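Trainee: Residue numbers (our numbering), protein chains in the order written: chain B, 6 to 399; chain F, 6 to 399.
Treat the hints loosely; a few may be bogus.
Just so you know, same-sequence chains aren't split out, so a pair can sit in one copy or run between any two.
Claimed, not checked - Computed list of lysine to aspartate or glutamate pairs in EDC-like fashion (alpha-carbon distance at most 20 Å, straight line):
id, residue 1, residue 2
1, Lys24, Glu94
2, Lys230, Glu293
3, Lys369, Asp307
4, Lys27, Glu60
5, Lys116, Asp138
6, Lys10, Glu115
Hints listed in this document are in silico derivations from the structure and should not be mistaken for laboratory results. Bear in mind the structure is a predicted one, so any value in this text is a computation, not a measurement.
2 protein chains.
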Amino acid sequence: MLSKKSAGIKSSAVRELLKFSKIPGVISLAGGIPATDLIDVEGIDTVLKDILSREHRGLFQYSVTEGEEHLREQLSRWNSEHNLNVDAESIIITNGSQQAIDLLSRVFLEKGDKVFVERPTYLAALQIFGYTDATVVELEYDSEGIQLTLLEKEMATGGVKMVYLTPNFANPTGNTISYEQRVKIAKLSQQYRVVIIEDDPYGHLRFSGDPVPSIFSVAQSLFGKNHNVCYMSSFSKIFSPGLRLGWLAVPEHFHMATVVAKQALDLHTSTLNQSIAAHYIESGRINERVEILKATYKDRRDYLIGSLHEYSGGDITWNTPDGGMFLWCHLVEDIDASQLLQECIKENVVFVPGEVFFARDPQKNSLRLSYSMLTAETAREAVIRISRALKKIK
Amino acid sequence: MLSKKSAGIKSSAVRELLKFSKIPGVISLAGGIPATDLIDVEGIDTVLKDILSREHRGLFQYSVTEGEEHLREQLSRWNSEHNLNVDAESIIITNGSQQAIDLLSRVFLEKGDKVFVERPTYLAALQIFGYTDATVVELEYDSEGIQLTLLEKEMATGGVKMVYLTPNFANPTGNTISYEQRVKIAKLSQQYRVVIIEDDPYGHLRFSGDPVPSIFSVAQSLFGKNHNVCYMSSFSKIFSPGLRLGWLAVPEHFHMATVVAKQALDLHTSTLNQSIAAHYIESGRINERVEILKATYKDRRDYLIGSLHEYSGGDITWNTPDGGMFLWCHLVEDIDASQLLQECIKENVVFVPGEVFFARDPQKNSLRLSYSMLTAETAREAVIRISRALKKIK
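All chains should be built: construct the whole structure from the sequences, respecting the hints.
Mentor: Listed below in structure tokens is the structure:
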């Protein structure tokens, strides 16, 4: 009775994996989750108590689909401090940026469309596109960055509707797209009328290197308001994932259709939670929190890299991302990371095999290691355990 | 660039209407919203302060897709007090029941499928089905209740995938499906393997007549756990719409596909809000609140009906629902309710023209009057204004 697209679905490997990560004694490098110890509970509580002390009956009633004006205005103001000029009127509040991807896939994608994604890319974006009738095509990276030749060629022949990119410290690769390539992408998008989805959950978590302007900003400065880039970000990595808050900025010619789709999906996002976020940004605490996160994640990245240097015995290679929460690794001998994971589960350490991030022809020897929750000690112990497991199956 | 389904979308008439309803001096019978003055702000605040006083860091972290166990258990227990036996394991928490409809349409509907709905039916369900490739077919009501002959015939010939019903005090008609018909629907669903979506946001708001068992319960008692009825309800009408909380109970053979779809849509529903609802149910305050709502809505229904008797001069007919928030009305002369609305806007009173609740061939002389927000005075004044507007265009 299930639709063809649903009938094939099994519980995902990652979903099953997260169960292991909750067993006491297991060190998890699997979750794409921010550090629980760094959530500013005191700050959220202060804001919440402040909200409760004022007239707040309206927060429990229905609200507008596009999101609370207070939050959209605070987001607009706060982003302008970070070189992203977005009008409050362009912003739509969503249940995390996950919903924003779904929303746009609903608004744009239909049978015959092609969606280009990075290879590899965010797993849950692949899941969403899997519910549509569009075809997913992967863009390779090489030493020059993301390969745009295939994209340009396909754009010229038609059928490309959307390009989904995470330009800053992508999940899982940690890749950042260069300024020159962002300009090129913005221009291609305009020339061939292709929607760019710029997913930027990690942009504020840069701890080395220089910030690069968003594709949205580039397109806006080149083409004014009628460009084709939709920008989305999230409160999940810098504030609180449990509140399920993300936001989306779309050019005016996409705005009405996107709001109407959001209305059909779930009317609007929790008014109480939007108010918490608006007051938190307004209080200025968000900037202090981002500084703490950046410093801590840099340390944690370095703990993990240091441990890999010391204990992986040359069996694993990795990147060194300038931000975000992940190392993207490969096993140097052609070992299947899923097989390694089975051994690692016995050693009480888990990670996500890289294969789940590919639309097709996965790199079986790839793996994603999240460092967001590590300490110096758990990083060291995790790599020792992984290396021990690796020796068993080599 | 928008998909064909999105390209045709304009801002809905109802959406535009809600703007008028916020102008001071305007009496609105338009909104499908619970009474703001009856939201138990004190109760929610008490629960929230209690949550903040305990260890609650986990509420701000990611949670599980199916919903917090505490909430699912409280829902299971509370429903059992109201003759609905639903295991906590069958429950999936959603962002209002709106999202539950979307979720199931994602899980089941594909090209070639037919979805049967009541004629007329909930506007936003029609919007959701409009994003799918399924075809909507309407089921008429007559003096015997909902007409099942066409449905049975079409089920026998195949192609029917889903039947979407609001069996208690439907929006907009106030109709309730009889016990005999519920049994018949459950049996047809089983015989022809057709999914029944039982949308029940108003079930707790019965203020006259006897409760009728849900189709879900009927199917469960007839066929055990492997029936085909999905039940959904909402906290929006009895607790708080702004928190965006609904819930869905599905038979086991649909459970995994539904959870995976929810994961793709937005990972999970706000953990904080789920915790508020769980504690609120546990505290027992929800039962007191439902009693207050029922008594008040009955009064408000009677104010509106009394005013229609007194002031509408025989120009309007209406139903008398046993619960919920709406009167379903018709203009006795063949006057277009949309035209009447234009005159009513000048008179500072608004309602929703009934035509928006039809998939096709709308009854142009129908209108929905919401009484949830009325007082004796505003009900009287509203009907006087509508009658005055009506006289102008007759």
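Trainee: What are the numbers of the hints the structure violates, in ascending order?
Mentor: Of the numbered hints, 2 and 3 do not hold.
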